[in-house]
Amino acid sequence: MSSSDDDTPLVKDRANGAKSEDRIPKNVDRALDKQLPSNGHVEPGVSIRMGPVEDMDVDTPQTNGNANGKRKARTSLTNGKSYKEASSSEDDDKPLSKRRRTSQKQAKEDSDTDLSDVPLRVRKPPKATAAQIGESSDSDTPLNAKLVKQKEIIEKAAEKEAKSIRNKEKTAAKRKPKVISESEDDDVPLARKRKQPAKRASNGVQKPDSDSDVPLAKKKPQPKKGKAKAEPAVPAKKGKGKAKAEQTEQDKEAEDEEESYKWWEDPTKGDGTKKWTTLEHNGVVFPPEYEPLPKNVKLIYDGVPVTLHKDAEEIATFYGGMLNSTHNIENPTFNKNFFEDFTAVLDKTGNGKDKSGNTVKIKKFDKCDFKPIFEHFEADRAKKKALPAAEKKALKAQKDEAEAPYMFCMWDGRKQKVGNFRVEPPGLFRGRGEHPKTGRLKKRVTPEQIIINIGKEATVPEAPTGHRWKEIKHDQEGTWLAMWQENINGAYKYVMLAANSDIKGQSDYKKFEKARELKKHIDRIRKDYQRELKSEKMVDRQRATAIYLIDQFALRAGNEKGEDEADTVGCCSLKFQHITLKPPNYVIFDFLGKDSIRFYDEVQVDSQVFKNLKIFKKAPKTEGDDIFDRLTTSALNKHLTSYMPGLTAKVFRTYNASWTMARLLKDMKAVGTVAEKVKAYNDANREVAILCNHKRTVAAGHAGSVEKMQDKIDGLRYQVWRTKLMMIDVDPRMKKKKGAEFFERPEDLDDDWVKQHQDALVEEQRQKITKKFEKENEKLKADGEKEMKPKELDERLEVAEELAQKFKKENKTGKVEAEGKGPTVDKIEGNIDKLNQRIETMKVQLEDKEGNKEVALGTSKINYIDPRLTVVFSKKFDVPIERFFSKTLREKFDWAIKSVDEDWDF
DNA sequence: CGGATTGATTCGGGTCTACACGA
DNA sequence: CTCGTGTAGACCCGAATCAATCC
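The first sequence begins at 63 in this note's numbering and counts up one residue at a time.
Calculated from the structure, these hints are not laboratory results.
Straight-line alpha carbon distances no greater than 30 Å define the calculated DSS-like cross-link-like pairs of lysine-lysine that follow:
no.	residue 1	residue 2
1	K415	K425
2	K871	K853
3	K429	K357
4	K417	K357
5	K372	K410
6	K415	K398
7	K871	K834
8	K905	K830
Here are the simulated distance ranges between beta carbons:
no.	residue 1	residue 2	range
9	K905	E849	37 to 47 Å
10	K680	D814	55 to 65 Å
11	P450	V887	56 to 66 Å
12	P707	R900	55 to 65 Å
13	R443	P852	32 to 42 Å
14	R900	K582	42 to 52 Å
15	R443	E849	33 to 43 Å
16	R443	M850	34 to 44 Å
17	N873	K834	27 to 37 Å
18	A761	H371	36 to 46 Å
19	D373	E769	47 to 57 Å
Heads up, the beta-carbon is just placed ideally off N, CA and C, and yes, glycines get one too.
Full structure from sequences and hints, please.
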């Protein structure tokens, strides 16, 4: 850069190395100005959406000016690779790029150091550092600190909880009502519990129970203590078996009653933090206990079948069941993590034994052979599949009945569906992308880890026999019914209501209302960030640039991530290497975003943004350094909130997605068939999905099915050509009339192709005839009659032979005899039209398929596009809503379907 | 006090399976 | 009509966002 001496950074090192100056020297901009087309003044109200400054458009969103249409060179579809490819090509720099901030203390010390002395790539000590060691008495080595942390997560939880309650009490006055915990409440007698199936009880503490095999569902609901208004959460269904028909009818009735309540018209709903007044539910369903393998199925170690303790064996089955998933088992990290956790359990439970009872020490992963386990499962699966339909049905009915009590809860007296009442079963953690913890053992969750949230008056569901819940809460600000902490990352898992519940509908509604609210502020926000792109304060300039990117390209906020998570980024966490600048004003994004989905896009940006990014990437910054080193997501959101309460980065995604959809649907003309309208809608949907970078991996059979379709289209085109020639056969004058060109065979259908195609047609005919013949014979045989002779088949096959001859003759003479009875030119014209029609629709289908092969439409439909837009479209264009929303989606968006009319506008 | 952690909620693609669809 | 087969959508559970709290 020309002005290198002026650029000498006063960089304060923030652990990461380079940090940009507080103030941006004037000459930096000037220097850059020389290299860039100057950016004229931006008029108030100007949308800076996309495109070079020169052709900036002045439309505001409401009118029609979204410049998504102006998005240049969007290449994600053609250039995008899945993370698998993407990450493998980045493998080399991966370990190095993992640099993070040091602890506060260290950062402070560093800040006084002159930059030139600070190596940019400071390797950090393992994460469990300063804070943790200081907090957990020094006796632990840093290495152990991690483990200690995990343990503490569990062990300290109670203490923390108590603390947090204390804290809440302190601050409660203004925000949170007190949360009452009954965790100390010890009055649940362990021995005298309601009986549970024997299987429920785990790990020894179990009391044999005479009654234990009575299915849970048959039991009477327990008497309610403080029952007043609400029905028992789930009234015991009358008899099983045919109960289904009855049940659905009953449900329908219930729904009809509920129908009258429209929360979206209820002014008391929506605001306020108290989510419920009364809450009743039956808790959670645990996964079935582990069932040991049959004696003859064993892990083979170093050629020797070994008997394992059942706990260890269970883990072996997790791996064994995955042998068909090369994705996992060929991943070294996965195998290493798995084996570490596997051997840890082996150490605890004792190692395996061979058949004479000698200990077999399992110490090398490579010597483990899980195949017998895998094959056992495969066989099992096959057996299950082969089960008679009736039995399958019965099995399913049994399961449904057992789970029925958990499917619904009573929320403020209304019956609501529960989303995920099943506790997640143990297994091997996969994680997405290159997750450092992939392959780790996800442990079985015990009742002792589960916190139940339920109304004070409600009967608390009983823990399985011999167990008790970790805690009972009555937190009316929470929308969850149960919760536990998972052992891999310490993440919280919640049992919440289904998407079609009132509470979820309400928050969905609020989300879209918030996005609509943004409409009123977006002009001001855009104007402001446009101005601040030139701010002298680095903080402001970075923030403005970030908002620009979030607004234009629908980037996510990009929170900081930890050492032991997959290395993915969003806007604020973009690194040096994720952005490539291509003068005059192109930017190439290439990074792994949420779920390690690759974001690849080549775009034009405002020239000031281009300049800024150049500054943000300036030396000494290099690979691995933050582009927005002065910006955090919380600072960003804090700023956004000042424009509008509740405005955060993610709102822009909702806003831009819904707004784009609104624009596209509005511009649409209500013509054509229903199918065409649906197609048009899906096209709009797809545009939104592309905006949001919602991708999917190309289906395995995609290439094949595309080829098939193409073949079919070619076949039809060939048929069109043949049919045209028939015209000449009927009326030779047509040749002159239509012109020679009309009768030419499409170039790509060359002689070779025609031969092959003809052969295929003939063969197809043969097959058809043969099959029919065989089938008829079967039938004759079954009826006890005489079978037809092979000679009969030969005779029938004559038809195919004639066809072959016909083709041969056609090839030779270049003429085609007219087919069908009483062929006329008019009839033939009609046939051609029909064929062309079919070709057209198939072409459209093919394009659709190709366009959708790596775009997932579902996510944007479910989460980003205001459902009311779809409802309006459906009404205006008279397309049944069923064409857009599946049954579940219709339930989820019930509020939208019922609340808007044709002229509702986003 | 600003960064780290906690906790709750939304978002997200993969997998599995029932079911529609075409030969 | 039925028989595979391909696919939409339910289900699963991991990964983000973001406010509140902690330290």
